[in-house]
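Since chain B is already given, all that's left is putting chain W on it; use the hints.
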Amino acid sequence: MSAPSPRTVAQAIEDAAASSSTGYRFLEESPDVAPYHSYADVERMSARYGGAMQAMGLRKGDRVALILPDNADFVFAFLGAVRAGIIPVPIYPPTGLGKLSGYLENTLHIVAKSGARVLLTSSEIKKILGTIQAEAPGLEKVVGVEGVRTANDKLRPEKIDLDDVCFLQFTSGSTARPKGVTLTHRNLAANVHAIMPVGLSIQDGVDHGVSWLPLYHDMGLIGFVIAPVYHRNSITFLPPLLFLKRPARWLESISKYKGTISFGPNFAYALAVKRIKESEMEGLDLSSWRIAGCGAEPIRADNLRAFAEKFSRIGFDERAFVCCYGMAESTLAVSFSKIWTGVRADIVDGETLWSKGRAEPVAEGTPRAAGIVECGAAFEGHEIKTFAPDDEESVRPLPEREVGELRIRGPSVMQGYWNDPDVTKRSFAGGFLRTGDLGYIAEGKVYICGRSKEVVIVNGRNYYPQDIEWEASQVEGVRKGNVIAFGTMKGPSDRERVVIAFETSEKDEAGKKRLEADVRKAVQQSVGLTVDDVLPLAPGVLPKTSSGKLQRAKTRELYESGELLGRTSAREVDKLDLVKEIAKSQIGYFRHRLFGKSDD
Amino acid sequence: MTWNRESVHKELIKVFGQHKQSEVDVSETSEIVGDLGIDSLGVMEVLAEIEDTFKLTIPDDALRDINTIGDVATSILTRLESDGRLEG
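Protein chains in written order, with numbering that gives the first Met the number 0: chain B, 0 to 599; chain W, 0 to 87.
Treat the hints with caution; some may be incorrect.
Said to hold, decoys possible - Some, not all, of what chain B presents toward chain W, calculated at C-beta under 8 angstroms:
1) Thr94
2) Glu123
3) Lys125
4) Pro238
5) Leu240
6) Asn458
7) Arg519
8) Gln523
9) Gln524
10) Gly527
11) Leu528
12) Val530
13) Asp532
14) Leu564
Unchecked claim - Facing chain W, a subset of chain B residues (Cβ under 10 angstroms, in silico):
15) Gly95
16) Leu241
17) Ala271
18) Lys273
19) Ala516
20) Lys520
21) Val522
22) Thr544
Source of the hints: derived by calculation from the structure; they are not laboratory data.
Predicted, not measured: the structure shown is a model, and the values here were computed from it.
We put the beta carbon where it would ideally sit given N, CA and C, even for glycine.
This is chain B alone, in the form it adopts within the complex (with noise of 0.2 angstroms):
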């Protein structure tokens, strides 16, 4: 399909505002209560919140922070600031739970790092933002969101254009050096394109999506918000919080309006078969559903197929899946398994895929035949090829079927990150962006493996080993600087396991005892995610390389194949490539996964 020519954000919203029969149905907890504004209404309500802004004194290019947990508010406050050429910074609201620490000091670095000068939230949570303000530089005022609602100031107009920043995604990076994704007017027009007509073969006006995704997050902002403004398609969202406490409304929305396309990371398929029950399938109808995607963490086909079994009695059509792979570099989508052919898996054998990095396809049900699970094609006007990690300049892509890093190109991809020219130079190599996602190309189609940053993704949250490492390490008893934490799919769990090692000169059984509860606690405390086993170790069991850093990949491999608690003697200085190391161990770690196996 050929692309027509790009708008931008602000003038597809200005386009769609002649409709009055499609536009945003915001539910709440109460299944009383769901606004419905059309895109003529949408159209006015974001020129109620971005002439409100521009009262605040925000010219075009300026950064406003948005905090805002009521979905409606997001949406006008968001679509308003990109009208007046402001630059909107979505950042998550705080859940509580008791982290409020680790939320302020994360929200002070986005809110630092991006310059933002006015950070427009609820009243509740300027609350507890505190000192937010006295500690950012150039944040001038904490704005309540109560008084934008009912605000009388008319939308300025403002000329924008398609190189103009739409709005920074901040992501994917520790919490002491957040990475703001700066994303231009036709970054999103391209990708737009590439995902709704290209991708999904969206009906203008007629497709229906249904949402719980958050809204600060790439694939429900651009994938629910951005996208559908610029087809005219009707949302229904709902709040991301009430789909965790009652998965069952998702199912619910869309059997009520009919929804066609709706998408969750894997765990979200995974918690509706674990929660909904029975009872609550009554009545509920999901044979609308043309389009179930599932991107923003490694796909687990297992979970799929069980979601399909469950749901097929209430019309759910498994070939609805769409495998997707993407990240916000690259605005949201990289590519898409083909509509309406449901999860496809290459057969390869398993031993030379981890041994050697070559995927050989062999007969289903062989020994050692490992299903990876097919995420398309690049869209059209882009590029995905896999490169050896060593290859700075992407001259040499590795033939089809060869594991590399995968590597993308195209007009989706950003100019980099939002004031950070080190890091941004540190992510292109050669006019590619480096994904760090391990994965191969056959026939065309890309196949993901593992993942060469050593994140560790919880119900599709990425978390940085770096930030659990340094909590541990504020634990009186820790040797600081020897602390590694990283994520395993070994051991008895359908998530990714948690496991802390460090080491500490206490020899004393019941010493070693308090130590563990004491660095579990203070990383649940702080980081807010379960902690699934922590190992005191001696001073110097802790493999380093030999310039003396930490090998956190190579301790994982020493965990998984039970060597780790046996390492008692003085360290072993290891002198592999660290790259190659990272890959072999990554792909690996990726094996369990495949396999599903939890005791090889």
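Positioned in the frame of chain B, the structure of chain W alone reads:
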């Protein structure tokens, strides 16, 4: 159905005991995330169970004041009391 402080307390200890991820004793002062290791997904599941048991709604905003099981108890007692369903 009406509740009293003791029965609310007992019910909460029971529910959180079923969902805890760490080998620790559950008490009024247990921190839900820090001590019991229940992550945000787990917390929402427990809340759904609690809402069904006590027939009430704990709004998202209220989560920001919750850290320990005692905080959950306070939140529930307040709501039961305003519904006239708290004895003693």
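Structure-based check of all given hints:
With a cut of 8 angstroms, the hint placing threonine 94 of chain B at the interface with chain W holds, because the nearest CB-to-CB distance is about 6 angstroms. The closest approach between the C-beta of glutamate 123 of chain B and any C-beta of chain W is roughly 6 angstroms, which is under the 8 angstroms cut-off, so the hint is satisfied. The beta carbon of lysine 125 of chain B is not positioned within 8 angstroms of any beta carbon in chain W (closest approach about 12 angstroms), and the interface hint is therefore violated. Interface restraint check: proline 238 of chain B against chain W, minimum CB-CB distance 7 angstroms, threshold 8 angstroms, status holds.
Hint on leucine 240 of chain B holds. Least Cβ distance to chain W is approximately 5 angstroms, under the 8 angstroms limit. Among the interface hints, the one on asparagine 458 of chain B holds; its C-beta lies about 5 angstroms from the nearest C-beta in chain W, closer than the 8 angstroms criterion. Residue-level restraint check for arginine 519 of chain B holds (minimum Cβ-Cβ distance to chain W is 7 angstroms; threshold 8 angstroms). Below 8 angstroms, beta-carbon pairs count as interface contacts, and glutamine 523 of chain B has one with chain W at about 5 angstroms; its hint therefore holds.
Because the beta carbon of glutamine 524 of chain B sits about 4 angstroms from the nearest beta carbon in chain W, less than 8 angstroms, this interface hint is met. With 8 angstroms as the threshold, the beta carbon of glycine 527 of chain B comes within range of chain W, its nearest partner Cβ sitting at about 6 angstroms, so the hint holds. About 5 angstroms separates the beta-carbon of leucine 528 of chain B from the nearest beta-carbon of chain W, less than 8 angstroms, and the hint is met. For the restraint placing valine 530 of chain B at the interface with chain W, the shortest Cβ-Cβ distance is roughly 6 angstroms, inside the 8 angstroms limit, so the hint holds.
For aspartate 532 of chain B, the suggested interface contact is broken, since its CB lies about 11 angstroms from the closest CB of chain W, more than 8 angstroms. Interface hint at leucine 564 of chain B: violated, since its Cβ lies 19 angstroms from the closest Cβ of chain W, which is beyond the 8 angstroms cut-off. For glycine 95 of chain B, the shortest C-beta to C-beta distance to chain W is roughly 3 angstroms, which falls under 10 angstroms, so the interface hint holds. The restraint placing leucine 241 of chain B at the interface with chain W holds, with a minimum CB-CB distance near 8 angstroms, inside the 10 angstroms limit.
The interface hint given for alanine 271 of chain B is broken, as the beta carbon of that residue sits about 12 angstroms from the closest beta carbon of chain W, more than 10 angstroms. For lysine 273 of chain B, the interface hint holds, since its Cβ comes within 10 angstroms of a Cβ in chain W; the closest pair sits about 9 angstroms apart. With a cut of 10 angstroms, the hint placing alanine 516 of chain B at the interface with chain W holds, because the nearest CB-to-CB distance is about 8 angstroms. The interface hint given for lysine 520 of chain B holds, since its Cβ lies 5 angstroms from the closest Cβ of chain W, which is under the 10 angstroms cut-off.
The interface hint given for valine 522 of chain B is met, as the beta carbon of that residue sits about 9 angstroms from the closest beta carbon of chain W, less than 10 angstroms. Because the beta carbon of threonine 544 of chain B sits about 32 angstroms from the nearest beta carbon in chain W, more than 10 angstroms, this interface hint is broken.
When each numbered hint is compared with the structure, violations occur for hints 3, 13, 14, 17 and 22.
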